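Novice: Could you slot chain X onto chain V? The hints should help.
Protein sequence lines correspond, in order, to chains V and X.
Numbered by this note's numbering, the letters in the first sequence go through residues 2 to 395 in order.
Numbered by this note's numbering, the letters in the second sequence go through residues 36 to 247 in order.
Calculated from the structure, these hints are not laboratory results.
The model shown is predicted, which means the values in this text are computed figures rather than measured ones.
For every residue, glycine included, the Cβ atom is placed at its ideal position computed from N, Cα and C.
Each hint should be verified, as a subset may be incorrect.
Covered stretches of chain V, as calculated for chain X (at least 3 residues, CB under 8 Å) [as the list claims (entries may be wrong)]: (1) 10 to 17; (2) 23 to 29; (3) 69 to 80; (4) 148 to 156.
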Amino acid sequence: MTQRQSNHDEGPFAGLDARTIEAIVSVAETASAGGDDSAFESALRSLASDRERALARAVRADRGSLRALEHGCAPAGLFASAMDAATLSDGAIDPLDVAALEAGAVPSIDGPPVSRVTVYREPVLARLVRRRREFGMMAAALLVFASGLAIVAGVRAVGALLDRPAGVVEAERTDGDGFGTPAIATDTPDDDDTGPLTSGAGQGDVVASAVGEPEPAASWLASVPLAAEVERVASVFEAAPVLETGRLVVYARSGSAERTGSLMAALAEQVVGLDHSFGVRGVLEMDGLSEAGLPERRQPVIAMAGDDDDDDAVRPIVLAERSAWLADVRPSPAALAAVRKRLEEAGFTVEFRVFANPVDASGVEASPRGGADDATGMRRTSPLPIVIDSLPGR
Amino acid sequence: VSRPDADILERAHAGDREAIGSLIEPELDRVYATCRRMVGNADDAAELAQDAVVRAIRGIGTYDGRSAFSTWLTRVTMNTCLSWHRSRGRRKGIRAASLDNADAFPDRGTGPGGEPGGGDGVQEGGPRASLVEAGLERLKPEHRAVLVLRDVRELDYDAIGAALDLPLGTVKSRISRARVALREAIVELEAAQMRASTKADTTAGTDDAAAE
Numbered sequence: 002m003t004q005r006q007s008n009h010d011e012g013p014f015a016g017l018d019a020r021t022i023e024a025i026v027s028v029a030e031t032a033s034a035g036g037d038d039s040a041f042e043s044a045l046r047s048l049a050s051d052r053e054r055a056l057a058r059a060v061r062a063d064r065g066s067l068r069a070l071e072h073g074c075a076p077a078g079l080f081a082s083a084m085d086a087a088t089l090s091d092g093a094i095d096p097l098d099v100a101a102l103e104a105g106a107v108p109s110i111d112g113p114p115v116s117r118v119t120v121y122r123e124p125v126l127a128r129l130v131r132r133r134r135e136f137g138m139m140a141a142a143l144l145v146f147a148s149g150l151a152i153v154a155g156v157r158a159v160g161a162l163l164d165r166p167a168g169v170v171e172a173e174r175t176d177g178d179g180f181g182t183p184a185i186a187t188d189t190p191d192d193d194d195t196g197p198l199t200s201g202a203g204q205g206d207v208v209a210s211a212v213g214e215p216e217p218a219a220s221w222l223a224s225v226p227l228a229a230e231v232e233r234v235a236s237v238f239e240a241a242p243v244l245e246t247g248r249l250v251v252y253a254r255s256g257s258a259e260r261t262g263s264l265m266a267a268l269a270e271q272v273v274g275l276d277h278s279f280g281v282r283g284v285l286e287m288d289g290l291s292e293a294g295l296p297e298r299r300q301p302v303i304a305m306a307g308d309d310d311d312d313d314a315v316r317p318i319v320l321a322e323r324s325a326w327l328a329d330v331r332p333s334p335a336a337l338a339a340v341r342k343r344l345e346e347a348g349f350t351v352e353f354r355v356f357a358n359p360v361d362a363s364g365v366e367a368s369p370r371g372g373a374d375d376a377t378g379m380r381r382t383s384p385l386p387i388v389i390d391s392l393p394g395r
Numbered sequence: 036v037s038r039p040d041a042d043i044l045e046r047a048h049a050g051d052r053e054a055i056g057s058l059i060e061p062e063l064d065r066v067y068a069t070c071r072r073m074v075g076n077a078d079d080a081a082e083l084a085q086d087a088v089v090r091a092i093r094g095i096g097t098y099d100g101r102s103a104f105s106t107w108l109t110r111v112t113m114n115t116c117l118s119w120h121r122s123r124g125r126r127k128g129i130r131a132a133s134l135d136n137a138d139a140f141p142d143r144g145t146g147p148g149g150e151p152g153g154g155d156g157v158q159e160g161g162p163r164a165s166l167v168e169a170g171l172e173r174l175k176p177e178h179r180a181v182l183v184l185r186d187v188r189e190l191d192y193d194a195i196g197a198a199l200d201l202p203l204g205t206v207k208s209r210i211s212r213a214r215v216a217l218r219e220a221i222v223e224l225e226a227a228q229m230r231a232s233t234k235a236d237t238t239a240g241t242d243d244a245a246a247e
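Excised from the complex, chain V in its bound form (with noise of 0.2 Å):
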């Protein structure tokens, strides 16, 4: 869309002066009363030269196709939708379902009447006379049931005892935003060059394997945490409105650094979702993530399972690769949704966090094949920051 402003140069009125425009607009403004124009024919008389009332003539015809552009109607349910919407993102309750919930309160609320359907619920004893047949079939499968998953975690706990190495307490740490952070501390070998577990991180980002059998490296970077105190969102419902500030931040873990750059690399070359849901438009560098609240400490230190038929091999530890991608996303939760889907489906850990300050997103240019231009498709989006740690070498 090319913005213009005349400067009267050029083009239809140029060499009028600023008055003489003025009056010429006037008179194209002029009311006509029913269709009947002779006050506008009254009025173009005021004009001095031919030229002037043909501008005047040219003007009020753009005036009457303006009004003659047909717009259409409003879609249908956008009320609702617009009200759903509302309610959803304001976490607010329509007043008249308060209501309901109140046991025996009539609404105050005049106007015309409301169906309600009132739920007869049936007291739990009375029920478990009434159908103490199928209650007692139910207890005996479930009994069977946690029997069995009994033994099979007894067998399990019984083999790691055994396969553990001497010389590895793991602990749990808390890291104060919810994740249960396993912390290590162990007495590795002096030939371990990546110095000692504990001692890249700070508080609450320690993690360690258990040295017994790998497992899968997604597992343990899925016990890293961002930060605690990146605030995280649990829905798309939640996070959408936050995109719209600028501050949503995709927070996801990977359990292969090089999975991670192909996933973003096909995702820069495509966009995303059958109503173009979102397109990554590149990378992010990390000052502005730090400016926008990501807080400026070491990556997490990972422990990397060696080799499985190497049992006594030093498990070498690494620090998470992290790295940072811009995608414009529409600020939709069915949006959102899109962009966790695809990451999940390739395999990463994702959630929704919420810095405290919009990240600035002026730095990362459009793709090359216009990330969000009209020319792909792409509506209305924001800037959606997706910062991915990654497990190196993998």
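Specialist: Quick look at chain X alone, frame taken from chain V:
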């Protein structure tokens, strides 16, 4: 000026869906029409109209009933549209329609009324309407806003001032500048189309000559 009943307003302020609906639903087509002309395509207009209505529902507590509800809602709608233009303008990669490329408007013909003194026949959905729509899209958002309120919503100057929070003098001068800008845009679009048409004729003539 139609103001809602105190009872309906009170219930709307309390979050009563029915009361809010009775205020907003009669205005929905006007909200949509405003958005449609402010953004230029139906999809964005539908999304913006929903945004505007969501904002109105959330902010209904700020409507005190002293002005017409439609004026208040128009103001909310226009603010939503102008915010959309601002955020869109900040992002890079906005499509820029070239004045010299008539292909940007492939289905827009050469209308008779573009030149000063031209005909004033309004052909709904025809080339003339397409030209005016294309011209409108080229205006600055604030110019577009006054023309939309004046010609699409058919508001008087006072109501436009109330909707845009502008003094009367500013409304008049802005409408004047917007009309001039629209006329200039339309004339330029017509000229571009003429150039493209001439070029196409020349190319066809050259091809015919080569074929002979």
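Novice: Are the hints correct? Go through all of them and say.
Specialist: Hint by hint, here is what the structure shows:
Counting residues of the stretch 10 to 17 of chain V whose C-beta sits closer than 8 Å to any C-beta of chain X gives 3, which meets the bar of three, so the coverage hint holds. Coverage of the stretch 23 to 29 of chain V by chain X holds [criterion: at least 3 residues with CB-CB distance below 8 Å; count 4]. As drawn, the stretch 69 to 80 of chain V meets chain X at 10 residues by the rule of a beta-carbon pair under 8 Å; at three or more, the given contact holds. As drawn, the stretch 148 to 156 of chain V meets chain X at 0 residues by the rule of a beta-carbon pair under 8 Å; below three, the given contact is violated.
Violated hint: 4 only; the structure is consistent with all others.
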